[in-house]
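Below are the chains, spelled out letter by letter.
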Amino acid sequence: MIKLNYSNKPNTFTGIWIPFGIGLGFLFIVLGIFNRVLDNYTIHIITVIGIYIMAATSLNLTNGYTGLFSLGHTGFMLIGAYTSVLLTYKVSLRAAYNLPSLPALLGGANYQWPFLPALLMGGVIAAIMAMIVGYPVLRLRGHYLTVASLGFMIIVTTMAKGMKSFTRGASGIQVIPHYTNLWNVYIWVAITIFVLWRILQSAPGRAMLAIRESEVSAQSQGINLMKYKLYAFVSGAFFAGIAGGLYAHFTRSIRPYEFSFSMTFFIVIIPIIGGSRNLFGPALGATLLVAMRYLLKPAEEALGVYGLVELIYAALLVSVMIWRPGGILGRESRAK
Amino acid sequence: MLLKIEKIEVCYGIIPAVRNLSLEVEEGQIVALVGANGAGKSTTLKALAGVLNPRVGKIFYNDKDITQLSAYRRVPIGIALVPEGRQLFSTLSVKENLRLGAYHSNDKEFKERLKEIYSIFPIIEERKNQIAGTLSGGEQQMLAFGRAIISKPKLLLLDEPSLGLAPLIIKEVYKVIDKIRLTGITIVLVEQNIKMAMRIANYMYVLEAGELTIQGEPLKLMKDENIKKAYLG
Amino acid sequence: MQGASYIYQQIFNGIVLGSIYALLALGMALIYGILGLINFAHGALITIGAFCFYFLLFKLHLPFVLVIILTISLGGFVGFLLEAIGYRKLRGGPGPSLLITSLGIYIFIENAIKLLISPQPYAFFNPPFLNRVINSFITFRVIDIFIIIATIVIMICFALFVKRNKIGMAMRGIAESVETAGLVGINVNQVIAWSFVVASAIAALTGFMWGAKYGQISYDMGFMPGVIAFVAVVIGGIGSIPGAVLGGFLIGLIQIFTVGFLPLGWSVYRDAIVFTLLIIVLLIKPTGILGRKESI
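Residue numbers (this note's numbering), protein chains in the order written: chain A, 1 to 336; chain B, 1001 to 1233; chain C, 2001 to 2296.
With the rest of the complex left out, here is chain A (with noise of 0.2 Å):
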């Protein structure tokens, strides 16, 4: 892939545009490529690949650029999720599955929503949510902010399945429209890297990474912590809620349980094995976990080896951790 060097690039229309309309229209090609020489399942397992790579981006700007360290990223995922869902879900089925209609400000009884604005409805909603959670947790330093943030996603996740009119509850929804696809997912990938690439260029990002090296010194310089925090947990959490609501379009099936711990701890390593330090890296992270997944968990049941594939994600962020703290992407010492 290309590598962006940020010192570099000017801020220009060459500087900008050029790399990013060669990256796409290169992503284009391959694209094109995998979805005429790839079989079905190859596909999918590819399309899997851009959500996390998505969720993962979009968490690093929080966790990885920001260094606030946050394990509420999927509580984020879910209210995109389950927000494109109720506003896309097929009319006739409501009835029978419990689901409620839509209010006559959103479109009324009869209607469901396309999914483009459906999923952007959903990052929005993330992204309020966000701003209002954001202002009482950022405020808290260090582990107390990722106690805090984990609170959340258990709230979230639990709310999900308390309100049961709204979101049926434990069991969740199923039928969902089937609208994600290969193109629109990496779509959405693109746009995700080249936002947070353009923001990192930017002085808000500059701010930011003030804030990881330290929050004294930023302060002293300056910097309004609390701004600039809040816009990278918030640009985290739109790009989040749109990852969930593609995850739900795609599983066609999603309920609250998926959100939880075995997710977040899934988004959280990506970063940190591919890279955290990079644009690319929660991608390369996204792109080998997944890839592992699809490849072991038939082991597992053939095996009979139950959680063979978690066990080896462990072992590699504990591996990484002691070795290599920078991820595949980073650096080798473990200097910072």
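Don't read these hints as lab results, they were simulated from the structure.
The beta carbon of each residue, even a glycine, is placed where N, CA and C say it ideally should be.
No false leads were mixed into what you were given.
In the DSBU-like style, the derived pairs of lysine-lysine whose C-alpha atoms are separated by at most 30 Å in a straight line are:
1. K2166/C / K1128/B
2. K2285/C / K227/A
3. K1128/B / K1111/B
4. K1108/B / K2163/C
Only part of the chain A face toward chain C is listed, based on derived beta-carbon distances under 8 Å:
5. L140
6. V147
7. I155
8. T158
9. F261
10. I272
11. Y306
12. G307
13. A314
14. I322
Position chains B and C against the provided structure of chain A, taking the given hints into account.
Leaving out everything else, chains B and C in the frame of chain A:
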């Protein structure tokens, strides 16, 4: 020769704080390291205590090479440090601080040593159950001494014992240092207060910017014009 | 939902559950106080303790007391290994690293158990004498009394240890300043290892308690209690072990009351309420109820 330092270089990160330093301490002496702020005196002491490790050079204690020996293992062989600012366990009581100073002794030995310490520092016995952080500056210094000598060291390292103390207290502190010396303990003393150091030391080393510039007996040094100008004002 | 005896019953149940949480919080607070580490792997010790007890008692039919001793010893040993292999290298590093690593270690152990033992839960049958039900003003089993008494005993022993024993004192010293502790001759690595041994041994015992109380053990049984233990530490007060214990009891009571006093549909919110309380505490008094200084 109890202590011998051979050409050590000690760095903070990549910046050398002490360079090419050699010195000797004979048993029973009080040796003072003096110099301005940042001259490297504390750094040298920390290297002796094992808190810092010299990049280059050797430290010999009783003819044994202790250069890379961990700090916590120097206490049982008889080296004790009273750090700059005393570094007491301020949330622990006086008695508990002393117990940790005698960490390598069992409870019985500790009881005996405690009595000895109380006899040297009656003030400490009075406050034995008080939380260390609530003691006055002078009392804290006494406790710091007590904690260091309760392990029955042969070599006592004192880092700026007069720092932050009122002049009257400083006099008391130095009386105690003298008392300690009389028990046979060898002392290496780091001081910015040259006058007090000169009065008590048998031998002095002057450091400047990490290197040894002058050394000698205090009386001789006092007569040196350069020293008078630079340090005695 | 009426009558004084119902209320007392809920309070009693809350104290029993709270005891387990308090013990876990104790170990968690000890390690956090000394290392500044949120030891997610603590929860794994619960699972290990439970399964160890299960196999020693039900498969090998060893006597009860021996099984308890062996379980606690295994817990201590695993704790020692954890520290020596997993955490020692990372000490002094950036905060998130230790946390992620401890999470990784937990996931590793949890899935190792899932893989090597069973993904399905096991039924945990108590030795009969623990199961005897006593019906008086309130209803309880002997195991409940066992839990409460064990908790009290452990708390007292721990308090004495930390006050009188030189290693316990050294732990308090290290919690205040690692450098000073090394200066006065304390073998810091050794004391830290001991703190892990003690905390993990206690956690292994709570594994037995949990299995005995709920009649079931599974590879993932340790996660929520482990997380709740840390929530208890934060709520009760960072840097304060009595605070952590208080936090544990508080959460136990809250969880039982949620199920016991709120309408049935609210039970599912049991965990969410605990975390909501956490967030509230963090916003109002971030140092926790009994908290004093910060360690980092």
